[in-house]
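Go ahead and model the full structure; you've got the sequences and the hints to work with.
Each chain, letter by letter, is given below.
Number of protein chains: 2
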Amino acid sequence: MIDDEKTQKPIPPGQDQEYEESEVNIEGRRVTVRTRKVPPLPDWTKTEIVGQPVPRVDGVDKVTGRAKYTSDVQLPHMLYAIAVRSELPHARIKNISIEKALAHPGVHAVLLPKDVERYIMGNPFAGTLPLLTLEPKYTGEEIAVVAAETELQAEDAARLIQVDYEPLPFVLDPEVSMTDKSPVKFFPEGNFTGGGFGQRKIGQPSVHTRGDLDVGFKEADHIFEETFRTEPQQHACMEVHGTTASWDGDHLTVWESTQGVFGVQEEISRVFTLPMNDVRVIGTHMGGGFGSKGGAGKQTMLAVLMARRTGRPVKMVLSRHEDFMGVYRPASIQHYKVGVKNDGRLTAIEMKSVNAVGAYMSGSMWGNSSPMTQQMYACANVRTEDRAVFTNTPPPGAMRGPSNVQNAWGLEQLMDLIAHKLNMDPIELRMRNDVKVDQVTHQPYHSKGLAECFKLGAEKFHWDEKRLRRNDPASTKKYGVGMASQIWGGGGGPPATAIVKINQDGSINLLTGAADIGTGTRTVMSQICAEELGVAVDRIHVTNADTETTPYTLPSYGSITLASSGPAVRSAANDAKRQLLDLAAGSLGVKPEELSSKDGFIFVTAQPDKRMKFEAAAGAMPERTLVGRGYRGPNPKGQSLNAFGAQFCEVEIDIHSGEVKVLKFVAAHDSGRVINPHTFASQVKGGITMGTGYALSERRLIDKNTGVPVTASLLEYRPPTSLDAPVDIEVYSVDVPYTANNIGAKGVGEPPLIATAPAIANAVYHATGVRVKSNPITPEKIIDGLKSLGGRT
Amino acid sequence: MIDDEKTQKPIPPGQDQEYEESEVNIEGRRVTVRTRKVPPLPDWTKTEIVGQPVPRVDGVDKVTGRAKYTSDVQLPHMLYAIAVRSELPHARIKNISIEKALAHPGVHAVLLPKDVERYIMGNPFAGTLPLLTLEPKYTGEEIAVVAAETELQAEDAARLIQVDYEPLPFVLDPEVSMTDKSPVKFFPEGNFTGGGFGQRKIGQPSVHTRGDLDVGFKEADHIFEETFRTEPQQHACMEVHGTTASWDGDHLTVWESTQGVFGVQEEISRVFTLPMNDVRVIGTHMGGGFGSKGGAGKQTMLAVLMARRTGRPVKMVLSRHEDFMGVYRPASIQHYKVGVKNDGRLTAIEMKSVNAVGAYMSGSMWGNSSPMTQQMYACANVRTEDRAVFTNTPPPGAMRGPSNVQNAWGLEQLMDLIAHKLNMDPIELRMRNDVKVDQVTHQPYHSKGLAECFKLGAEKFHWDEKRLRRNDPASTKKYGVGMASQIWGGGGGPPATAIVKINQDGSINLLTGAADIGTGTRTVMSQICAEELGVAVDRIHVTNADTETTPYTLPSYGSITLASSGPAVRSAANDAKRQLLDLAAGSLGVKPEELSSKDGFIFVTAQPDKRMKFEAAAGAMPERTLVGRGYRGPNPKGQSLNAFGAQFCEVEIDIHSGEVKVLKFVAAHDSGRVINPHTFASQVKGGITMGTGYALSERRLIDKNTGVPVTASLLEYRPPTSLDAPVDIEVYSVDVPYTANNIGAKGVGEPPLIATAPAIANAVYHATGVRVKSNPITPEKIIDGLKSLGGRT
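As they're listed, the protein sequences go chains E and C.
Note that my numbering numbers the first sequence so that position 697 is 706, with each residue one more than the last.
Note that my numbering numbers the second sequence so that position 165 is 174, with each residue one more than the last.
No distinction is drawn between identical chains; accordingly, a pair holds when it is met within one copy or between any pair of copies.
Dumping the calculated DSSO-like pairs for lysine-lysine here, alpha-carbon to alpha-carbon at most 30 Å:
(1) K46 / K619
(2) K646 / K600
(3) K600 / K46
(4) K622 / K46
(5) K607 / K46
(6) K782 / K475
(7) K486 / K782
It should be emphasised that the hints constitute simulated quantities derived from the structure, not laboratory data.
Structure representation (structure tokens):
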């Protein structure tokens, strides 16, 4: 979890030559951190390895099944733990009978809510989230845990635990929960709070305001009022949440499927009052996180606790069904009122959002949908209000492009709607409201390639031609195109540290704390390291995500991994290289600064044939292993660092069945320097695929009468299969210089998902005239829309 | 294994400001290495943690059985490998039938000599040692390996392999092997070579010579000619040799019970032609090495090979019986001719030694027994000749105090014999021949506390009083005292690197490549780190001996660990501290150089109440984890670094049974600064216990007719049990300043064993008049000696 307290620690006073302030933007949260000044490195002008489509360094391991994931961890004498979960959305538990479970073969222990306290001694987990509870507030909430020698024994024993519930009233609809009619009172001050990262108070929305709405609406030639809705979205990672915990005396080792080992270490250390160096968290290969594995999960703490209780290693891996009863992207209801001049300029935006954030405070910070509204388009008069409303559902969490993905669904459809109304090209409308200064921070954007994305994307998509194409009135197939654009806080930042070891044979060990959550982190970090050292990428072996042996880095969330850890890796490689050049200078009879390293050779820059092999220099290293260390330096002051993009989409709709088929996507992104076109394109394609599911098929449904999730499986939830996902996706990067860090990259993890769903919705409108304001765009909604339009199609 | 080629790599030319030459003395081998210059740190004047008897940081883990050793490593789907070994000391193998073994349940593979070649492609292991052979040259040599799902299945299958031998003649006695009568010719040029580390040639002894023997003997008032013999000594580690190997694609992980993970990594990398970063060697807790685990063993390579062949992790842990058929300290025969003046001054020493080094070249470098003869006592005219003679026995290896332990048995008895003859106090004789300059290198000793050891030891032992005490003629119990002294190459040296990470909560991770072979390395390194940082020792967690995640250091042999890695640890801690002080300086409003760190506080040195808690400074670290890096700097030039010591012993002998009981030991050692009196004393007591076994009970016997070892078990080999070991051992360190490295320590691993056995032999002589010149001093030898003395007792 993001830990506000730590990052926002007050900066000690005093004149300090070694440090300066730097701003980091994580998941839309801007934090100022003190940062060690780092010797600057020259921008790369020409690269040999960076920018190349290097195959994934762990690709063979993954496709052959050799790569180890958390569920592959096997320890001698390991037990399996399974939770007993509430069957009701709100209840008081009168009794739990565990005798039968304890008597079941292979069972070692059952943990109940009362057992938790003596281990964690009042230290809260994730704010106020109980690890086990006697008053479950959502279906699936953890009540007890059982551990046994085999998974089957644990499952059977969990079923033998008898829970006597006293059912309590519950509320699922946030619009009901917000009112006096709510049958549940979550807090005395009310059933909602503000959403997002700022100061928040129960009973009050979080508000951003600038200018004067009245003035703005008066200036307007047109006023649009629209409401958009988004459904919850499940992360549905290929790999479910899982932990294996093993105590060795007071030293704890945890294998975790996580985006950030250091956050998990911090949280375990805090909850169990352990020194951080007694908590070793090891990340494994990851089958996706998408924000759901940013910190420790409940299963992390429960596995640790059960391992303590039983004196045995404990593995707790959720089932797919359990995973679906956990974290997700919150639902939103977005009310917009927008004033526009005839020429398309926005004069006022008022937005009120309602976001359903489950039964606990912990999910509320993700309960906002307005960051793009505040920033994306030039507008002097803006007011946004976000309400994070409590309901009897699990707390949501960060999910790839949190807030912006919901926000874009509304805002980017609204822009399309306005463009159609004003009879303007949607690109032209957006360009007319382009802005070079971040309207929230009042800082200029360090670089903004949005116009370039529009230009390149439109050209590659043949936007002008396709947009004007008419459908054949006689055909039941209708074709349409749509586009949407996107902003995301980018550029990462400190703290991040890396270590580069040069071995005697010239092979390299790169040690970085960064998790590779499936995005290709090992590969791009290897490229950066190889580029800086001037050796082939296969000379690098990456060890990552181990709190004991690799140095600190922020978690792999917020699209910050590359831009945070990458510069640290380059610095570490440079530090190692400088030491090696010192040595080679002696051999070549020149000064170190006269030397370069490239293609496996160290050579006199001005006289390239005066050279020695990299491994020959390494072979002569008196240290046997050179250790290079690199810290991530500060971001430039007074500038906003953001990634931008635009996506273009073509759909085919069968007006008889209402079925939507995505024919083509063109994505143009400004993510700074692309380290690896392969992994860059994979990220974008993955985002578009996920966005297609959000737009067309995914539904997290809860039975309104019982509060029980009814789509808690991959089959019923319906993320896109390989047959549903768009096949024809073209990915482009616009080449806008970015010099805010020493590798020139902004990161591209979340941006590709943000514009996808509204681009599809806009294409659906273009094809059919049906504006679907709530996702997913089901055939029923299309058919209903067509019906209400009358004979238009 | 020590790798001459790497360390002695020619130093590249060129004027190099960053490096200088430095000499390191490892197991009596002096090598010159280039060394990075390191910023000097002030000598510690007053210490808080260093010098304290801190309990072992891993003590609880060890006594509770939680500490993991190589044989505890369990991997999913792991196979167990067992070798088929030669039953004859020399044979040609005509056929190996493996069908029955392959058909045995659970068996996965059998490896034969022909299979080895395609994996190692001609790369030799340990010089010329075959991994598997069709012409075994000693009983127990490896012929084949079988791997099965369980240990029992592997054992059974190994027994089902039928080997058809053609017996060949063999030779066990080195004095026979050296002559034309030898039935075996090991090399065309002869059956011996020089012993030791210098240039050696088959058929020629290694020779050290200075002055003129003829002149020396002419000057002498007395000439002594004596022959001493030593038996082979087994390491008999509590933990036997073992390896677990696991391939993950082309990336290999090896868990090894080893004194040095980096040497094992180098050797595997060389033999299997793998990049070093694809070979991860992890050291575990160690139940002793004593030199026998300095590098990769055959079982290391065979486990790696079998894991490659089967595609499964493979564990190969030797049985105790197999361990006894392997490496050991070589036997020696030492002929001395010494000229002495009436006043005790030595005028000439001629020494010829014969050392039995098994059937392969690999053991020959340990085949010398003369380093103390060359160095210990002032003498202008010296000639030593060492012959390493081949026999049909396994190759010996380094064993705690190699060469010096054998040499001391002869030399220190000889000095005693001379003192008795001249009617001098043996201490006085030794002091008369004291020398301040290393007679081999012609360099002065950086520090030499030998005289202080004599003085302190004699005082604590009440030497003068006890030496003059007379035995009761009527009693069957005779009492006597003896002493001996010792020199050892000490002081360690580069290369060694360490990393110190400060976590946000002020807890520390120390990363060092050094193995803790049972000597307390984790503890003393923690103390050094804690002292330098100014925090309590329990704030330090050590991660060590992992080639992938910890930095390079030389193996834990040659008593170099503390003096090599310790200074690197202090440098790394200092580097981390300086970074933290930079930060704290900002908070306290002073300059970093005005700050100190002690007792968990960072404070203004001149104003100690102006302070902040160490963890408060750590909590404000922008880097979240600070990474300190330290390299071991060079040793001072032109000086010899050595450790010295003297041991005093009292024995009780039953002249009816011939039984020798060691009543008391006093040991005084000059090892530089003592980091931890507990672990220091444990080292000394362990050495004395091992030396007592060497003196009195241990025997590695081989049946002369069949060549089969007959004492290949702990029961039969007879290392001292807790009832045999001396109980009353007093340990002292003399306080002689040593400033050759930044922690002031020389190391104490091997020295305590060197003087023990001759001190006992000298006490036996003092008690009975019987001079036992061959170890062990059995009751039979005492009784025989008493008989030949006639009625003296």
